[in-house]
Amino acid sequence: MTKLSQSRPAGLDTSAGASKTTGLWSRTWPLLIGLMVTISLVIASLFIGVYDLNSEGGSEMFWITRVPRTVALILSGASMAVVGLIMQLMTQNRFVEPSTTGTIEWAGLGLILTYIIVPQPSLTLRMLVAIVFSLIGTLIFFGFLQRVALKSSLVVPIVGLMLGAVVGAVSTFVALQTDMLQNLGIWFAGSFTGVTKGRYELLWIVALMTIIVYFIADRFTVAGLGQEIATSVGLNYRAVVLTGILIVAVVTGVVSVVVGSLPFLGLVVPNIVSMFRGDNLRSNLPWVMLVGIVVITLTDIIGRTVIMPFEIPVSMILGVLGATVFVYLIVKRGRRG
Amino acid sequence: MITLENVTKTYSGETTIGPIDVKIPSGGITSLVGPNGAGKSTVLTMMGRLMGADTGKITVGGLDVATSKSNDIAKKLAILRQENHFVTRLTVRQLVGFGRYPHSAGRLNVEDEQHINSSLEFLNLTALQDRYLDELSGGQRQRAYVAMVLAQDTEYVFLDEPLNNLDMSHSVQMMRQLRKAADELGRTVIMVMHDINFASRYSDHILAMNEGQVTHFDSCADTMKSSVLSEIFGTSVRIIDDVDGPLAVYF
Chain A
163 MTKLSQSRPA
173 GLDTSAGASK
183 TTGLWSRTWP
193 LLIGLMVTIS
203 LVIASLFIGV
213 YDLNSEGGSE
223 MFWITRVPRT
233 VALILSGASM
243 AVVGLIMQLM
253 TQNRFVEPST
263 TGTIEWAGLG
273 LILTYIIVPQ
283 PSLTLRMLVA
293 IVFSLIGTLI
303 FFGFLQRVAL
313 KSSLVVPIVG
323 LMLGAVVGAV
333 STFVALQTDM
343 LQNLGIWFAG
353 SFTGVTKGRY
363 ELLWIVALMT
373 IIVYFIADRF
383 TVAGLGQEIA
393 TSVGLNYRAV
403 VLTGILIVAV
413 VTGVVSVVVG
423 SLPFLGLVVP
433 NIVSMFRGDN
443 LRSNLPWVML
453 VGIVVITLTD
463 IIGRTVIMPF
473 EIPVSMILGV
483 LGATVFVYLI
493 VKRGRRG
Chain B
8 MITLENVTKT
18 YSGETTIGPI
28 DVKIPSGGIT
38 SLVGPNGAGK
48 STVLTMMGRL
58 MGADTGKITV
68 GGLDVATSKS
78 NDIAKKLAIL
88 RQENHFVTRL
98 TVRQLVGFGR
108 YPHSAGRLNV
118 EDEQHINSSL
128 EFLNLTALQD
138 RYLDELSGGQ
148 RQRAYVAMVL
158 AQDTEYVFLD
168 EPLNNLDMSH
178 SVQMMRQLRK
188 AADELGRTVI
198 MVMHDINFAS
208 RYSDHILAMN
218 EGQVTHFDSC
228 ADTMKSSVLS
238 EIFGTSVRII
248 DDVDGPLAVY
258 F
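As they're listed, the protein sequences go chains A and B. Quick note, my numbering runs 162 ahead of the 1-based positions in the first sequence. Quick note, my numbering runs 7 ahead of the 1-based positions in the second sequence.
With the rest of the complex left out, here is chain B (with noise of 0.2 Å):
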């Protein structure tokens, strides 16, 4: 369980986040969605305790992330923002393998040596983990930085934009690993997603924000209906009733 309460945020007197007051349930996928500068990159930003809050209290997993101590932290939730332009060069299995740091400190046993193996099988990393990160395609770098969240063997795991520079096929594919995470693995996953589609498909819960407000949080169920979204995205949105599911149209 992820808890805010009363949680704000103001950058430079102008932007002002909150007053938030939510509770996501653990378990399965909580996308995060909305227009630009909605704040939910700040929000997810915050639950991970990159960024404090000016007010209020958030507690992941009933650790308060102000004021816990940090290793104890990285041990209940692993965040990944969008990707840093420096590109260390460190093989795909170092890299994996400095996800288990709250566990061992850099000195890795065989238990996180079993950790690391099964987080490069889990995203197909088997073949590339003696690449350089700065050797391998956008995408690529992508899985690797997701394996190292997933080696860290966290309850929780934050992910601000993770189809950001993948193309259509990985943006499936990273999806579907994702699904896999929180059913096979039993992690609670928060993402920061721009496709609604896409959230819709693969998500279980939908959290919508707007001018840092919190506008909506409910199943996908009932998020992909044309009235929810043409105000949550401030233009019109149709609903097609796909097969597979409810599509969203705006164009």
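Next up, chain A with everything else stripped away, as it sits in the complex (with noise of 0.2 Å):
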């Protein structure tokens, strides 16, 4: 069968290379320009803050507060965002991540039944605990998804809140009779006022699993053409998503460990990359990284400075840019018909 090969000008060969260089320069420096704009971001984290780093114990307040947090951004950031475009190519939805199928809020509940059955837990039992609630969550979440007809649909990502809701009201109940409320409150508003040095360094695991997504990232991008084009393509589909669903409880129950609740990054991100650069997974993974470094890192340094010396966690700040950009969404997707 190498006929299509034969019936080919050979012409044509050249051309295509020649296009391939040019191509090359055209593809690199946008990269170039958000790799500076993403380091620039970075070092302004470093330095932002309410702690004078010219006084006396400034650089060591720099190692303990200012590198592990501006670490913690870049890592929760970049991971967050690729494990956002994971979950919509592997359920064919533009709106579901994390926040969006409750994997969260199961994570959440995980951390709350912790605390309550061993009474001071270490930082490895409480990510493990809630990496194995996210499991469950997401898998419940795909286990219903294969149940809708219409992945597309709104019904989906609907469906993915309402369980959250469902979980979140759970653990609000359980930490009530418990007395837990507040620990709940403080994990639900995600932030990185809390991060320091011995505090972030489980977040090196989701580092691990962004490089895993790297050399796996073509079967991601194939599973996103459904079940029926992967299958034919020789891929094994249900391997790849139980896979994507254990890289996505991984990466969400050591963010939450250690950050708290992200809400909507991986929904932002992954939407914003694919307008300009369309959703095939590896070659888009350096810019749903800097997008998805980016965004945590601006809603950071806002939630810092804007009511100084006191900070808003940036969950609140994600919360309102990612309910603008779902409804945005919507409007653009109704409009499109």
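Because the hints were derived from the structure by calculation, they are not lab data. Backbone N, C-alpha and C fix where the C-beta goes; we use that ideal spot for every residue, glycine too. Be aware that one or more of the hints could be misleading.
What the hints assert, rightly or not - One-sided and incomplete, this derived list gives chain B residues near chain A with beta-carbon spacing under 7 Å: (1) A81; (2) R88; (3) R96; (4) F105.
Said to hold, decoys possible - No more than 25 Å apart at the CA atoms, straight line, and that leaves these computed lysine to aspartate or glutamate pairs for DMTMM-like: (5) B:K76 to B:E12; (6) B:K83 to B:E168; (7) B:K82 to B:D211; (8) B:K83 to B:D71; (9) B:K83 to A:E390; (10) B:K30 to B:D225; (11) B:K82 to B:E168; (12) B:K76 to B:E118; (13) B:K187 to B:D119; (14) A:K494 to B:E142; (15) B:K30 to B:E162; (16) A:K494 to B:D137; (17) B:K76 to A:D380; (18) B:K232 to B:D28; (19) B:K82 to B:D119; (20) B:K64 to A:E390; (21) B:K82 to A:E390; (22) B:K30 to B:E168; (23) B:K82 to A:D380; (24) B:K30 to B:E238; (25) B:K83 to B:D28; (26) B:K232 to B:E218; (27) B:K30 to B:D190; (28) B:K187 to B:D225; (29) B:K64 to B:E21; (30) B:K76 to A:E390; (31) B:K76 to B:D28; (32) B:K187 to B:E118; (33) B:K83 to A:D380; (34) A:K494 to B:D141.
Both chains come to you apart, so use the hints to assemble them.
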């Protein structure tokens, strides 16, 4: 079956090659600019804060709080954005991400239960429980999804949000009964305020997850074409979806333990990137990560500065931003019919 | 050669398909026709291993589709079902590139690029190759998916109603391109068709189904008879002899 390639004019080869070299540069310079914007925001994040770094103990403070906080911003911003895109590809639905499927709420429930059963749980234990609960929650959501005929419809995120609300209500009830409501409140208001040296290192796990995603990115893109097309090109669809769910659960679990709930990040970023660069995961991964870092760093800097010397939780700003993008997407879709 | 031996499938206790025993020879175009709910799409889907049969055995080009490795099957047959409601934002070229997935697992080499280029040319998509799928018309998108299936470079190509959503001129174009794929590229094309006149004009064989059974499998010439067609579709069909061949009239 090589007739196809034989019938091809030889001249096309060179033109394709030529457009590739020019294409390489035109593809690289926007990424360089994006990288520079990201780096300048990261540097800004390192030097914005109440503590005067020039005063005594400034450099110590810098390494104890500013650097961990900024590293945490980079790692959680990039990974939550990537996880959002993976979920959207696997569900074939633009509105899906960990906070519209109940995944984050399940992680919260897991954390509350850990605090009740084990009086002073270690960070690792909390993380493991959060991952397991995220996994259960995501599996329940995907199990439900298999019973929905119209996967692209708004019904999917609505049911996800409802699932999340029910689980969140259970958490609130449990917290009320056990005098833990304050802990739950602090957790839901995901914030980088408390991220210091010794409290963020677990986030390197999500960096590992993101690297794994890079190597199997094509599988997620093919899965995004739907189960039938994916199977037709020989992909083990179920295995890919299970791997994806596992990565989503690990990232959501770890980030929720270290930072708390970061709503809508996984929704906003992939949709922005998709508008400009489409959905090819492997070639877009650097962009999704960069935009993720930019969005979270920018919202965190806003949170740190608007009511200085106090802070607004980053989740609150993300919520406002995310809700706006969510509504915009719905309106845009409605116009297209 | 595609063989189905004693293949059956039951849905929710009501709709039953089979037992089907049929051998479809290699080469040319075979159209599956029949009334709605006859089981054409189900049979095509089972041949393309997207759905398992309850009993029996299906082999395509010597591979048992139930037991062979999915990636081996993907080098032997490609199947395209009716269009997805969700349109991924990939460019036409990226989409066609994923047709090479069984051969390259996503890392495209020079040979893959050649297959992509010729597939795009074959379906006149070269000018549209950098457009996103969601910016195309339904007909253009359908062509892009067919280009993807051809780029997969399989001996067998299964298509479920490839003319769905296409207007008259695009339908004609699509059928000519598929005919060319069978004649020039040596592909064996099996497709589910609704329009018996389109099916007979462009196919070599017609396989008719009714209520889950294969009722008729013959060359086009022997199928295009008033008595045969009336029985297949359950309504009276007249045949008019046109210069280009017989035409079925069923109004």
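| Which of the listed hints are not met by the structure? | The structure conflicts with no hint, since it agrees with every one listed earlier.
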